[in-house]
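Visitor: Listed here are the chains, written in short residue letters.
There are 2 protein chains.
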Amino acid sequence: MKQILIIGAGRSSSSLITYILDQAEKLGWYVIVADSNLDLATEKIGNHPNGRPVWLDVTKNNDRKDLISRVDVVVSLLPAHLHLEVAHDCIKLKKHLITASYVSHELYRLGDEARDRELIFMGEMGLDPGIDHMSAMKTIDRIKREGGKIKSFKSYTGGLIAPESDDNPWSYKFTWNPRNVVLAGQGTAQYLENGKLKFIPYNRLFKESVPVNIPGVGEYEAYANRDSLLYSDIYGLEGIPNILRATIRAKGFCRAWDALIRIGLTDGSFPILDSGNITFHELMDAYTSPQIQGGSVKDRIAQMLGEDTDSDIMKKLEWLGLFRKKRINLPNATPALILENLLMSKWEMKKKDKDMILMYHVFEYEQDGQDKRLTATLVMKGEDAKNTAMAKLVGLPMGIFTKLVMQGKIQSKGVNIPVMPEVYDPVLKELAEYGVEFVEEETLI
Amino acid sequence: MKQILIIGAGRSSSSLITYILDQAEKLGWYVIVADSNLDLATEKIGNHPNGRPVWLDVTKNNDRKDLISRVDVVVSLLPAHLHLEVAHDCIKLKKHLITASYVSHELYRLGDEARDRELIFMGEMGLDPGIDHMSAMKTIDRIKREGGKIKSFKSYTGGLIAPESDDNPWSYKFTWNPRNVVLAGQGTAQYLENGKLKFIPYNRLFKESVPVNIPGVGEYEAYANRDSLLYSDIYGLEGIPNILRATIRAKGFCRAWDALIRIGLTDGSFPILDSGNITFHELMDAYTSPQIQGGSVKDRIAQMLGEDTDSDIMKKLEWLGLFRKKRINLPNATPALILENLLMSKWEMKKKDKDMILMYHVFEYEQDGQDKRLTATLVMKGEDAKNTAMAKLVGLPMGIFTKLVMQGKIQSKGVNIPVMPEVYDPVLKELAEYGVEFVEEETLI
Chain W
300 MKQILIIGAG RSSSSLITYI LDQAEKLGWY VIVADSNLDL ATEKIGNHPN GRPVWLDVTK
360 NNDRKDLISR VDVVVSLLPA HLHLEVAHDC IKLKKHLITA SYVSHELYRL GDEARDRELI
420 FMGEMGLDPG IDHMSAMKTI DRIKREGGKI KSFKSYTGGL IAPESDDNPW SYKFTWNPRN
480 VVLAGQGTAQ YLENGKLKFI PYNRLFKESV PVNIPGVGEY EAYANRDSLL YSDIYGLEGI
540 PNILRATIRA KGFCRAWDAL IRIGLTDGSF PILDSGNITF HELMDAYTSP QIQGGSVKDR
600 IAQMLGEDTD SDIMKKLEWL GLFRKKRINL PNATPALILE NLLMSKWEMK KKDKDMILMY
660 HVFEYEQDGQ DKRLTATLVM KGEDAKNTAM AKLVGLPMGI FTKLVMQGKI QSKGVNIPVM
720 PEVYDPVLKE LAEYGVEFVE EETLI
Chain X
300 MKQILIIGAG RSSSSLITYI LDQAEKLGWY VIVADSNLDL ATEKIGNHPN GRPVWLDVTK
360 NNDRKDLISR VDVVVSLLPA HLHLEVAHDC IKLKKHLITA SYVSHELYRL GDEARDRELI
420 FMGEMGLDPG IDHMSAMKTI DRIKREGGKI KSFKSYTGGL IAPESDDNPW SYKFTWNPRN
480 VVLAGQGTAQ YLENGKLKFI PYNRLFKESV PVNIPGVGEY EAYANRDSLL YSDIYGLEGI
540 PNILRATIRA KGFCRAWDAL IRIGLTDGSF PILDSGNITF HELMDAYTSP QIQGGSVKDR
600 IAQMLGEDTD SDIMKKLEWL GLFRKKRINL PNATPALILE NLLMSKWEMK KKDKDMILMY
660 HVFEYEQDGQ DKRLTATLVM KGEDAKNTAM AKLVGLPMGI FTKLVMQGKI QSKGVNIPVM
720 PEVYDPVLKE LAEYGVEFVE EETLI
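Going line by line, the protein sequences match chains W and X. Adding 299 to a residue's 1-based position in the first sequence gives its number in the numbering used here. Adding 299 to a residue's 1-based position in the second sequence gives its number in the numbering used here.
I should point out that these hints are in silico values taken from the structure, not numbers from a laboratory. Even for Gly, the Cβ is constructed at its ideal location relative to N, Cα and C. Each hint should be verified, as a subset may be incorrect.
Derived DSS-like pairs: lysine-lysine, alpha-carbon spacing no greater than 30 Å straight-line [said to hold, decoys possible]:
| # | chain 1 | residue 1 | chain 2 | residue 2 |
| --- | --- | --- | --- | --- |
| 1 | W | 359 | X | 391 |
| 2 | X | 625 | W | 495 |
| 3 | X | 597 | W | 453 |
| 4 | X | 391 | W | 450 |
| 5 | W | 597 | X | 495 |
| 6 | W | 597 | X | 364 |
| 7 | W | 495 | X | 614 |
| 8 | X | 450 | W | 625 |
| 9 | W | 359 | X | 453 |
| 10 | X | 624 | W | 495 |
| 11 | W | 495 | X | 597 |
| 12 | W | 450 | X | 597 |
| 13 | W | 624 | X | 506 |
| 14 | X | 614 | W | 506 |
| 15 | X | 359 | W | 359 |
| 16 | W | 364 | X | 625 |
| 17 | X | 453 | X | 437 |
| 18 | X | 645 | W | 495 |
| 19 | W | 625 | X | 495 |
| 20 | X | 495 | W | 624 |
| 21 | W | 391 | X | 359 |
| 22 | X | 506 | W | 614 |
| 23 | W | 597 | X | 450 |
| 24 | W | 645 | X | 364 |
| 25 | W | 450 | X | 624 |
| 26 | W | 506 | X | 364 |
| 27 | W | 597 | X | 506 |
Partial selection, computed: residues in chain W whose CB lies under 7 Å from chain X [stated by the list, open to error]:
| # | residue |
| --- | --- |
| 28 | 486 |
| 29 | 568 |
| 30 | 588 |
Whenever a hint applies, use it, and build me the whole structure from the sequences.
Guide: If you want it as structure tokens, here you go:
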């Protein structure tokens, strides 16, 4: 029996594991789900005859290699920095590897070795990155085929809370890894606008968010997502004057998040020795600028941020409980970890809450002497806090691609992201069966 | 013959190597100076009979261990992140280790092993950290001995350019590792003020610099240096309501540096793919906020920073050449590396330039019912661009301490910083012979 190893059975794994077990039953595979928490893995497998949970400490090299050696394909849901060890094992043991994470420089460097051994290492095979690449490439290839010249590509994605479940002033709840949300944007975002490079450092990223009006959906805002420039060549858009990938948030979110950055709460680089003993109120007091004297802690934070004490932003901060005399109770924690823990209690989805994925591509191109704009919009809501659209849209692409690899239908070798027709055609086709469909609209401009 | 290994023969090593060679001749030791650049090591040794230059790639474990195995004491001038490997070797091979770098958590964790093997690993044995610890501790111990209760300790240090050699608008030139200057302050500074914790994140650190008026020397400004809280226990000042370590700069420096931070030029975390092809002018253009339209690049940067185009800060930026249409010529460089390279050409000391070290301690304490303030000030100028006060004040403490260890005069074991009398008494005494003397002034308050 051919075997698949899924490493990681956490919050984002259920749709993937369900899909793979279903296929395993139909197609006669065996599935091993490994996690450092055996209960999680056991729960995900249930009593499925084609699956087995395994306890794995992924830092134990021999255990990890032993598991990998027994299977045909490895799907890694580990945090991004742990993929590399797994990838080295996969090279040595000649196994294919699939992840939803951004492909690091180190992973790209394994490309030749993977190709020599006729392996495919597929990264960025989730939602964003993942479905965004595939849906964009399908349209880009079609426009080119039809003789169009693409001048601008902007792609916006957000993992949000559905309007009917939006009951907090931030209009946000966690539907994905909280740590990644807290640290999002650190570094410098890069993109192209009118043929010019644009760089936005972290200290200006959330200040300089832009409005995004998605026809038929609503008004949102977006901040630039990492290095968009990397994709102009990968997408076959060499020399394009406008390219931007961005992250969607509810209106008002970004400037309030910028307030948390300015206060200092997103720094994950140093521990606060006293954080086991102090309150949130004392933490905020410690952050107030020494130059500002008098008034309550909240007054001084407002003054430091250049806000009125009862502004929208201050109301958002207050709603988080940042000014409460409640103990933080996390010894030796970094500010980012303190913030993450606080947000996990405030931004937790209720059982019946629905999340919502928005993806919005805007292509501008010239065809037969006419300038055209094509938009492609995906809106997908989850069922509840457990069956989220996020888990589905991250898990299904990996699951479907795993099936294609198991069936020997993928010719590409080496380290890749899903931009080739042999990948995006069958994956998008099957995703449509799960309701993942873009609404396209074309206008002359 | 007893032997000493000095690893690193770069810009900061000359005073140390000269001192150690002098002592070696008197006391009958042999000195090995190892560097990946053999010329540098050879030049530093000259034709001294007690020294030998050696080529060493410090990442080659066997070569490194082989060298360390032959000596009695190792002095590491490597970049801080490379000390740990050397420290592990020193544990295995039973050798003492001396560095001028901040002691990392990882290094502190070797404390028990070092103590068990009767080794001393001495870190923070340079100027700042180093002479600051020793001079502060000497005074702290004396005040306590005389029945004083210390309520406030503030310590300011700066590696500056002497007024007679100050001929640029920043009043700054490199007298020390440029990379450390460019990345200084990233993370969050922590200190205590009136019994309250104070945290300043990087995005506010240089904005919130404070004036420091050093009697008889002049008016400067200072920004908080890393985690001052760590030192209250180490200094024996448990429960002290005020403790601050800070870095001195010329007036006006910090707000101009903050402009570089806000633009985004100090980010060392991502490479600019195009940096081999673009000019500084294009780089600045890329950094201008997309929301600001019209005007020259300089106008738009000024507007983004909230500055007049001819303000002092804008003049400082212009003087650096940031708006010139000159190619950067550093492919794939991070913004921080581009800035470092630019500053190295603008902030280079001329041959006859003198640097200047300022150290200024302010102790406030109660004694016999009276509140007193004691200040201790050190001003030391270098001779020229080669024989800097910086190299002297970083190198001599390491050199003198190395001698004490070679002579068996140090009883302390384990991982330490120089806060104990058996270290600071003889080191400060010998430093005084080299002109390193603090001027003390005491007043009632």
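Visitor: Now tell me, hint by hint, if it's right for this structure.
Guide: So, going through the hints one by one against the coordinates:
The hinted pair formed by residue 359(W) and residue 391(X) meets the criterion: a straight-line CA distance of about 25 Å does not exceed 30 Å. In summary, the hint linking residue 625(X) to residue 495(W) is supported, as the alpha carbons are separated by about 17 Å, within the 30 Å threshold. For the suggested pair residue 597(X) and residue 453(W), the alpha carbons sit about 28 Å apart, so the restraint of at most 30 Å is met. At most 30 Å may separate the alpha-carbon atoms for a hinted pair to count; residue 391(X) and residue 450(W) exceed this at roughly 62 Å.
Taking the CA atoms of residue 597(W) and residue 495(X), the gap is near 16 Å; set against the 30 Å cutoff, the hint holds. Simply put, residue 597(W) and residue 364(X) have alpha-carbon atoms about 56 Å apart, too far for the 30 Å limit, and the pair is violated. In summary, the hint linking residue 495(W) to residue 614(X) is supported, as the alpha carbons are separated by about 25 Å, within the 30 Å threshold. For the given pair, residue 450(X) sits about 29 Å from residue 625(W) by alpha-carbon distance, which is consistent with the 30 Å threshold.
Taking the CA atoms of residue 359(W) and residue 453(X), the gap is about 47 Å. The hint is violated against a cut of 30 Å. Between the alpha carbons of residue 624(X) and residue 495(W) the distance comes to roughly 15 Å, so the proposed pair stays at or under 30 Å and holds. Proximity of residue 495(W) to residue 597(X) is assessed by CA-CA distance (about 16 Å); at most 30 Å being required, the pair is judged to hold. A C-alpha spacing of about 28 Å is found between residue 450(W) and residue 597(X), which places the hinted pair at or below 30 Å, so the restraint holds.
Distance check on the hinted pair: residue 624(W) and residue 506(X) sit about 29 Å apart at the alpha-carbon level, within 30 Å; holds. Only pairs whose Cα atoms come within 30 Å are accepted, and residue 614(X) paired with residue 506(W) is accepted, the gap being roughly 26 Å. The straight-line distance between the Cα atoms of residue 359(X) and residue 359(W) is roughly 26 Å, inside the 30 Å bound, and the hint therefore holds. Only pairs whose Cα atoms come within 30 Å are accepted, and residue 364(W) paired with residue 625(X) is rejected, the gap being roughly 52 Å.
A distance of roughly 15 Å separates the Cα atoms of residue 453(X) and residue 437(X); the hinted pair therefore holds under the 30 Å criterion. Using a Cα cut-off of 30 Å, the hinted pair residue 645(X) and residue 495(W) holds, with the two alpha carbons roughly 27 Å apart. For the given pair, residue 625(W) sits about 17 Å from residue 495(X) by alpha-carbon distance, which is consistent with the 30 Å threshold. Distance restraint check for residue 495(X) and residue 624(W): the Cα-Cα separation of roughly 15 Å lies within the 30 Å cut-off, and the hinted pair is therefore satisfied.
For a cut-off of 30 Å, the pair hint linking residue 391(W) to residue 359(X) stands: about 25 Å separates their Cα positions. A threshold of 30 Å between alpha carbons decides the hint, and for residue 506(X) with residue 614(W) the separation of about 26 Å falls inside it, so the pair holds. For the hint pairing residue 597(W) with residue 450(X), the CA-to-CA distance comes to about 28 Å; that is within 30 Å, so the pair holds. Restraint check for residue 645(W) and residue 364(X): the C-alpha separation of about 53 Å exceeds 30 Å, so the hint is violated.
With a C-alpha separation of about 27 Å, the suggested pairing of residue 450(W) with residue 624(X) holds against the 30 Å cut-off. Only pairs whose Cα atoms come within 30 Å are accepted, and residue 506(W) paired with residue 364(X) is rejected, the gap being roughly 51 Å. In summary, the hint linking residue 597(W) to residue 506(X) is supported, as the alpha carbons are separated by about 21 Å, within the 30 Å threshold. The criterion of a C-beta within 7 Å of any C-beta in chain X is met by residue 486(W), whose closest approach is roughly 5 Å, and the hint holds.
At about 5 Å, the closest approach between the beta carbon of residue 568(W) and any beta carbon in chain X falls short of 7 Å, and the interface hint on this residue holds. The beta carbon of residue 588(W) is positioned within 7 Å of a beta carbon in chain X (closest approach about 6 Å), and the interface hint is therefore held.
Checked against the numbered hints listed earlier, the structure breaks hints 4, 6, 9, 16, 24, 26; every other hint is satisfied.
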